[in-house]
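Colleague: Can you build the whole structure from these sequences, using the hints too?
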Amino acid sequence: MSDIKKQFDSLRGAVSSDLLNKGLSRRGFMKTTALAVGALSAGTLLAACEDDDADDTADDDVVDDDEPAVDTDDTDDAEEEVDDEDDDEDPMDDADDPDPVDDADDVADAEDAPSGGELVILNEQNPVSLDPVFHRDVGSTRAMAYMYDSLVETDVETELVPGLAHDWEISEDGLQIIFHLEEGVMFHDGEEFNAEAAKMNLDRNFDESLNTNFYDDFTSYVGTADNIEAEDEYTLVVNFDSLYARFIHDVFHGYAGSMASPAALEAGDMNVHSNPVGTGPYQFTEFEPDSQLVMDRFDDYWRGTPGLDRIRVRVIPEQSVQMAELEAGNADISFSVQALDVDRLEDAGVASPRS
1 MSDIKKQFDS LRGAVSSDLL NKGLSRRGFM KTTALAVGAL SAGTLLAACE DDDADDTADD
61 DVVDDDEPAV DTDDTDDAEE EVDDEDDDED PMDDADDPDP VDDADDVADA EDAPSGGELV
121 ILNEQNPVSL DPVFHRDVGS TRAMAYMYDS LVETDVETEL VPGLAHDWEI SEDGLQIIFH
181 LEEGVMFHDG EEFNAEAAKM NLDRNFDESL NTNFYDDFTS YVGTADNIEA EDEYTLVVNF
241 DSLYARFIHD VFHGYAGSMA SPAALEAGDM NVHSNPVGTG PYQFTEFEPD SQLVMDRFDD
301 YWRGTPGLDR IRVRVIPEQS VQMAELEAGN ADISFSVQAL DVDRLEDAGV ASPRS
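Here the numbering used here is used: position 65 in the sequence shown is 65, and no number is missing along the way.
Since the hints were derived computationally from the structure, they do not count as laboratory data. Possibly wrong hints are sitting among the right ones.
Cβ-Cβ distance ranges computed for the label pairs, FRET-style [claimed, not checked]:
1. Ser242 / Arg136: 22 to 32 Å
2. Leu243 / Thr305: 20 to 30 Å
3. Asp207 / Asp300: 25 to 35 Å
4. Glu233 / Asp300: 30 to 40 Å
5. Glu183 / Gly268: 25 to 35 Å
6. Gly349 / Glu192: 39 to 49 Å
7. Ser115 / Gln319: 29 to 39 Å
8. Gln319 / Glu118: 51 to 61 Å
Heads up, the beta-carbon is just placed ideally off N, CA and C, and yes, glycines get one too.
Modeller: Rendered as structure tokens:
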């Protein structure tokens with residue numbers, strides 16, 4: 001797993017759970033996604049200011065002359081290499097109480113955030129697959145974060161926080177993890193999430209014919225599918241043949257821990273590639289190759305009704321065209337901004353993480 005991918009994945013949970021389900025404020029979104037810029041490359045993400053009357057309030061949230069859009073100390077923390085940690089250190093020291101610390105600013109952003117509306121994200125390529133265990137490209141990674149939840153997630157400080165598992169226990173020898181799953185979580189197709197659904201998803205990683213992104217991890221350390229058990233309806237037990245202290249952080253918090261509907265999986269593995277059914281705040285609506293991917297709000301989302309009505313990911317390969325769309329106010333987010341374009345776009349009223 002590349003450092004870039006780890007850093008991008010570390011922001012996934014924060015964006016999907018801390019922002020989308022509460023209501024998306026411009027200031028809140030920029031505060032979180034600005035960390036992606038610091039971790040990956042400066043000047044790669046900009047958000048366009050809205051044009052309607054409601055945007056006066058939103059714009060005030062984005063650019064405050066007396067306050068930077070993101071705390072530089074937070075950015076420095078996000079840039080630290082995860083791999084610098086002591087390999088012998090138990091990554092789950094906080095597993096007994098994994099609840100994230102409340103941030104007063106984020107709570108205020110959520111309360112003040114407007115509801116409804118559409119967020120338009122510009123992407124330079126089509127997603128190759130919308131199946132989480134096959135994501136191998138930027139286009140897929142950026143699209144799937146909104147449609148799936150993971151067993152565990154990480155916050156912007158890369159600390160583990162609850163996801164579909166509200167708690168977990170690790171044995172003293174590190175060879176067993178017991179996940180205690182959330183109750184009442186529904187997939188977008190109306191099926192209920194439980195331990196059997198979780199096992200069905202994880203078992204796919206042992207199928208050599210599928211060659212998932214995580215085949216080597218699961219076969220090398222977990223061993224076989226028999227080592228994953230649905231102990232009861234909401235308890236999942238994973239036994240390991242070999243010790244890998246950071247398995248929960250490096251694997252379960254990412255797309256290997258993302259859950260697709262059992263009915264969708266039973267329809268065939270290729271079905272999930274183009275018809276994803278997860279538990280995330282937004283559900284798949286349509287995908288037109290070389291045009292757009294549309295996701296609509298999932299009203300029965302287990303963390304609460306998401307604030308936005310729709311997320312539209314437009315596929316525009318040409319960087320110059322993306323910049324023109326930002327300047328025209330036809331899009332909100334671009335990951336393809338070059339450093340030399342930042343000043344020009346800011347002069348045109350486009351907000352950047354450094355604003």
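Colleague: Honestly, do Asp207 and Asp300 meet the 25 to 35 Å range at C-beta?
Modeller: Given about 31 Å between the Cβ atoms, the range holds.
Colleague: Given the range 25 to 35 Å, decide if the beta-carbon distance of Glu183 to Gly268 lies inside it.
Modeller: 29 Å, holds
Colleague: Quick check on a hinted range of 22 to 32 Å for Ser242 and Arg136, using CB atoms only.
Modeller: Cβ of Ser242 to Cβ of Arg136: about 25 Å, so the range 22 to 32 Å holds.
Colleague: May I ask you to test the hint 29 to 39 Å on the CB atoms belonging to Ser115 and Gln319?
Modeller: 32 Å, holds
Colleague: Confirm or reject the claim that Glu233 and Asp300 have a C-beta distance inside 30 to 40 Å.
Modeller: The hint (30 to 40 Å, Cβ to Cβ) is violated, given that Glu233 and Asp300 are roughly 19 Å apart.
Colleague: Lying within 20 to 30 Å: is that true of the beta-carbon distance Leu243 to Thr305?
Modeller: Given about 42 Å between the Cβ atoms, the range is violated.
Colleague: Gln319 and Glu118, beta-carbon distance inside 51 to 61 Å?
Modeller: 23 Å, violated
Colleague: Within 39 to 49 Å: is that where the Cβ-Cβ distance between Gly349 and Glu192 falls?
Modeller: 46 Å, holds
The structure does not agree with the numbered hints 2, 4, 8 stated previously, though it agrees with the rest.
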